[in-house]
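Number of protein chains: 2
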Amino acid sequence: MRLDPVLDRIDADLEAATERLLRLLRIPSISTDPAHRADCRAAAEWLAEDLRSIGFADARLRDTPGQPMVTGRMGDTGPRLLFYGHYDVQPADPLELWKTPPFEPSVEDTPEGKVIRGRGASDDKGQLMTFVEACRAWVTVHGALPARVSILFEGEEESGSPSLVPFLRDHAEELRADLALICDTGLFDRDTPAITTMLRGLVGEEIVITGPDRDLHSGAYGGPAVNPIKVLARIIAALHDDHGRVTLPGFYDGVPEITPELRAQWEGLGFDEDDFLGGVGLSHPAGEADRTALEMIWARPTCEVNGIAGGYAGAGFKTVLPSQASAKISFRLVGRQDPAQIREAFRAHVQSMLPPDCTVEFHGHGAAPASVMSTDAPAFETARRALGPEWPKPAAFVGAGGSIPIAGYFKTELGTDSMLLGFANNDDLIHSPNEKYDLRSFHKGIRSWARVLAALAETG
Amino acid sequence: MRLDPVLDRIDADLEAATERLLRLLRIPSISTDPAHRADCRAAAEWLAEDLRSIGFADARLRDTPGQPMVTGRMGDTGPRLLFYGHYDVQPADPLELWKTPPFEPSVEDTPEGKVIRGRGASDDKGQLMTFVEACRAWVTVHGALPARVSILFEGEEESGSPSLVPFLRDHAEELRADLALICDTGLFDRDTPAITTMLRGLVGEEIVITGPDRDLHSGAYGGPAVNPIKVLARIIAALHDDHGRVTLPGFYDGVPEITPELRAQWEGLGFDEDDFLGGVGLSHPAGEADRTALEMIWARPTCEVNGIAGGYAGAGFKTVLPSQASAKISFRLVGRQDPAQIREAFRAHVQSMLPPDCTVEFHGHGAAPASVMSTDAPAFETARRALGPEWPKPAAFVGAGGSIPIAGYFKTELGTDSMLLGFANNDDLIHSPNEKYDLRSFHKGIRSWARVLAALAETG
Numbered sequence: 001m002r003l004d005p006v007l008d009r010i011d012a013d014l015e016a017a018t019e020r021l022l023r024l025l026r027i028p029s030i031s032t033d034p035a036h037r038a039d040c041r042a043a044a045e046w047l048a049e050d051l052r053s054i055g056f057a058d059a060r061l062r063d064t065p066g067q068p069m070v071t072g073r074m075g076d077t078g079p080r081l082l083f084y085g086h087y088d089v090q091p092a093d094p095l096e097l098w099k100t101p102p103f104e105p106s107v108e109d110t111p112e113g114k115v116i117r118g119r120g121a122s123d124d125k126g127q128l129m130t131f132v133e134a135c136r137a138w139v140t141v142h143g144a145l146p147a148r149v150s151i152l153f154e155g156e157e158e159s160g161s162p163s164l165v166p167f168l169r170d171h172a173e174e175l176r177a178d179l180a181l182i183c184d185t186g187l188f189d190r191d192t193p194a195i196t197t198m199l200r201g202l203v204g205e206e207i208v209i210t211g212p213d214r215d216l217h218s219g220a221y222g223g224p225a226v227n228p229i230k231v232l233a234r235i236i237a238a239l240h241d242d243h244g245r246v247t248l249p250g251f252y253d254g255v256p257e258i259t260p261e262l263r264a265q266w267e268g269l270g271f272d273e274d275d276f277l278g279g280v281g282l283s284h285p286a287g288e289a290d291r292t293a294l295e296m297i298w299a300r301p302t303c304e305v306n307g308i309a310g311g312y313a314g315a316g317f318k319t320v321l322p323s324q325a326s327a328k329i330s331f332r333l334v335g336r337q338d339p340a341q342i343r344e345a346f347r348a349h350v351q352s353m354l355p356p357d358c359t360v361e362f363h364g365h366g367a368a369p370a371s372v373m374s375t376d377a378p379a380f381e382t383a384r385r386a387l388g389p390e391w392p393k394p395a396a397f398v399g400a401g402g403s404i405p406i407a408g409y410f411k412t413e414l415g416t417d418s419m420l421l422g423f424a425n426n427d428d429l430i431h432s433p434n435e436k437y438d439l440r441s442f443h444k445g446i447r448s449w450a451r452v453l454a455a456l457a458e459t460g
Numbered sequence: 001m002r003l004d005p006v007l008d009r010i011d012a013d014l015e016a017a018t019e020r021l022l023r024l025l026r027i028p029s030i031s032t033d034p035a036h037r038a039d040c041r042a043a044a045e046w047l048a049e050d051l052r053s054i055g056f057a058d059a060r061l062r063d064t065p066g067q068p069m070v071t072g073r074m075g076d077t078g079p080r081l082l083f084y085g086h087y088d089v090q091p092a093d094p095l096e097l098w099k100t101p102p103f104e105p106s107v108e109d110t111p112e113g114k115v116i117r118g119r120g121a122s123d124d125k126g127q128l129m130t131f132v133e134a135c136r137a138w139v140t141v142h143g144a145l146p147a148r149v150s151i152l153f154e155g156e157e158e159s160g161s162p163s164l165v166p167f168l169r170d171h172a173e174e175l176r177a178d179l180a181l182i183c184d185t186g187l188f189d190r191d192t193p194a195i196t197t198m199l200r201g202l203v204g205e206e207i208v209i210t211g212p213d214r215d216l217h218s219g220a221y222g223g224p225a226v227n228p229i230k231v232l233a234r235i236i237a238a239l240h241d242d243h244g245r246v247t248l249p250g251f252y253d254g255v256p257e258i259t260p261e262l263r264a265q266w267e268g269l270g271f272d273e274d275d276f277l278g279g280v281g282l283s284h285p286a287g288e289a290d291r292t293a294l295e296m297i298w299a300r301p302t303c304e305v306n307g308i309a310g311g312y313a314g315a316g317f318k319t320v321l322p323s324q325a326s327a328k329i330s331f332r333l334v335g336r337q338d339p340a341q342i343r344e345a346f347r348a349h350v351q352s353m354l355p356p357d358c359t360v361e362f363h364g365h366g367a368a369p370a371s372v373m374s375t376d377a378p379a380f381e382t383a384r385r386a387l388g389p390e391w392p393k394p395a396a397f398v399g400a401g402g403s404i405p406i407a408g409y410f411k412t413e414l415g416t417d418s419m420l421l422g423f424a425n426n427d428d429l430i431h432s433p434n435e436k437y438d439l440r441s442f443h444k445g446i447r448s449w450a451r452v453l454a455a456l457a458e459t460g
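Going down the list, the sequences are from chains A and B. The first sequence begins at 1 in UniProt numbering and counts up by one. The second sequence begins at 1 in UniProt numbering and counts up by one.
Think of the hints as simulated: they come from the structure by calculation, not from any bench. Since the structure is predicted, the reported quantities are computational estimates derived from the model, not experimental observations. Glycine included, C-beta positions come from ideal geometry on N, C-alpha and C. Careful, some of the hints might be misleading.
Computed footprint of chain A on chain B, listed as stretches where at least three residues anywhere in the stretch have a Cβ under 8 Å from a Cβ of chain A [what the hints assert, rightly or not]:
id	region
1	99 to 113
2	356 to 369
3	399 to 405
4	429 to 442
If you anchor each label on the Cβ, the simulated ranges turn out as follows [claimed, not checked]:
id	chain 1	residue 1	chain 2	residue 2	range
5	A	L14	B	P34	47 to 53 Å
6	A	R190	B	E361	50 to 56 Å
7	B	R26	A	D213	51 to 57 Å
8	B	P355	A	G279	54 to 60 Å
9	B	D191	A	E96	14 to 20 Å
10	B	G278	A	E361	19 to 25 Å
11	B	P355	A	E96	36 to 42 Å
12	B	S283	A	S106	56 to 62 Å
13	A	Q351	B	E361	31 to 37 Å
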């Protein structure tokens, strides 16, 4: 089956493909917010219907205790490929910082070219549709796919994927494949596609500290009454030493140093630390004092506070001594760091710093170890070569700071290796107001998948 | 002019007086929230109208850059007394913790007697109306007041009183008096009225720390990008040492040790630290390690965090590395601590702990030195004696943890000494959900002012 007419078809169908993506982006499928449960289901229904229209005849929703999965399969010959993407999106707040409404997407002209603007445009609806559109073009031109393709779309990626492992476990036979393809990562730079081979893991913890049994007047009680915000601040401050290292006992157990070879390869990528930080208004790398920014993001564990709240945060001033204070804290893991052990060390740290009269509630939010792919498998080199004609520069094997625990779960639950290939840009503003996806990413992403499908089928 | 018929009139009029207070409590005059500006004005109008109905013929609103003042005067003979109260109230959030709506007040039966429930019932609408009702009874019975009384009601006490000093300065001639009476404090205990002679001062500061110029993905940027919540936590944690002392250089300059005599008098009051803390669910005094709870509240300076916010605080989890984090921090001052110097020391502390790439905005919220009254003035002993027949135990001279900067301003701007007499109880839940004022406080408070007015007029 020839590739060129498929690529031509993709070019001809780009406007219609963009319209389809805009329809999906209009559905506010925020999985972390219970108020958007019906929207998550609506996004899943839309995807199942679209897959059926391509020829994934059995595409359907699969209920879970949380948001539904979408599955579908097609093809009788060639290697078994399992494609994964997620249809849920991050919350859109702070809403006032969006220049256009987050769920009224459009194609915008910018000095750098056309972009698709809206929540989820890049993370991950735009990305997952690159694969769907590649399949559509293959089927339109040849009446069939060049490989046996299974689809798995998840709706809880932005809220810790609580239903994923049970679902994989319950349907391992059905989902097992020769290779999993995951589209939730970025280009290395505008001209260099990236195959991600190292992914950080994640442990999320929410803590709520309670002191007095009610909000108090800070004049009438300030001093003798314990203030949970001050307690929380001390707990957070003590999580790092003065060199930016995390202080939890055993935190760095299982953290490998990167090899000199990998370090040399990464240095060859020409990563510009000043540009990277300058792009978000910064000029000094924070974090561990003796590490480069690239190493910190790709190969070092971190601890971040993602949210904090307590007392009066409205306009003006209120002299309250609050009953409660809370924080959301997450750890990014590398190598063989054990999520359960790190959660335990964190909770022990909090308990050890709790003064008399304070209590703490812990709420766990997901736990996933880091993933390191074996790039010796031939599929990686095959995909790298297939991408050659599409992009100005050869594809690179890179690390990724974000956590895509699915790769680890595919390995542990299905025994299937994963290849991560995505087309997002660093300036896509994922998780931020004004998220976008370059139309170029969308277009070349679809073409890239068409090429990779062909190449994997050939060497299959 | 005889006192007894005035007291009888107060008893007979209690139900109508309570109805009047409920009307005032229905107006949500939250001064700190710009959305309630019209409500503040409505509360002021209601008070001016009520004062005119009593005989304060010139009672009226006086515009300021913020909420209006209410003034009025009455009487041609006797000592000049200036009465102060504030008609603004604290915000009512968290609303969900109120058992009845905060601005739909009612008289409730409780096992401890009838209470008036609603925001402002105790702080300060119920208290200021004790004086207004005492005046009404005097005028009803005798056609006149026993002294020359000026009224000053403020509408910005809960938001730092920005317009107060300029107003006092501009109208010093009109407002100057032999003695100022302030009703915004509490009973020492249910049976012991208290004349407050030491008031802590207050410095409020809001800080907003900015790191990256937008919210970031904590996976894509965590590590090299500075996290303003972590910076803020370190700044707050460093404000106290391990013994609960504030670490700002010079913070304890001008903080006097209390005299052995005063310590002995306070010990004689039978303050029960366990009861005090137990009433709000605590059992261990926090704060300075070597001080009693009573000393900390009445005679020691403190630093409290009144609010903190940053990143994602909604349901679920969001792996954001936020652009900003903010906190509202207040200092209570004693003795001769200088508010300006403490604000400066705090800002220097924040600046000194700010890493590269972080900026900070400071917003000052009020500054007032502590007030220490001279209890040698005969009015204090006169008032103490006048209260004798009304209460089970003799009145005590006490300190107060809260800040009522007005006493200091009356001294510096008008040259007028202040006497603070109030009838709130410790369990009134001021600044908290379900605020109340005991009907007994309201009733005996009115009677107390009638007695004090008579006594001050006599000794003149």
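For each hint, the structure was consulted:
| no. | hint | in the structure |
| --- | --- | --- |
| 1 | 99 to 113 | violated (count 0) |
| 2 | 356 to 369 | holds (count 4) |
| 3 | 399 to 405 | holds (count 4) |
| 4 | 429 to 442 | holds (count 5) |
| 5 | A:L14 <-> B:P34: 47 to 53 Å | holds (49 Å) |
| 6 | A:R190 <-> B:E361: 50 to 56 Å | violated (35 Å) |
| 7 | B:R26 <-> A:D213: 51 to 57 Å | violated (29 Å) |
| 8 | B:P355 <-> A:G279: 54 to 60 Å | violated (19 Å) |
| 9 | B:D191 <-> A:E96: 14 to 20 Å | violated (53 Å) |
| 10 | B:G278 <-> A:E361: 19 to 25 Å | holds (22 Å) |
| 11 | B:P355 <-> A:E96: 36 to 42 Å | violated (27 Å) |
| 12 | B:S283 <-> A:S106: 56 to 62 Å | holds (59 Å) |
| 13 | A:Q351 <-> B:E361: 31 to 37 Å | holds (35 Å) |
In the structure shown, a violation is registered for the earlier hints numbered 1, 6, 7, 8, 9, 11, in ascending order.
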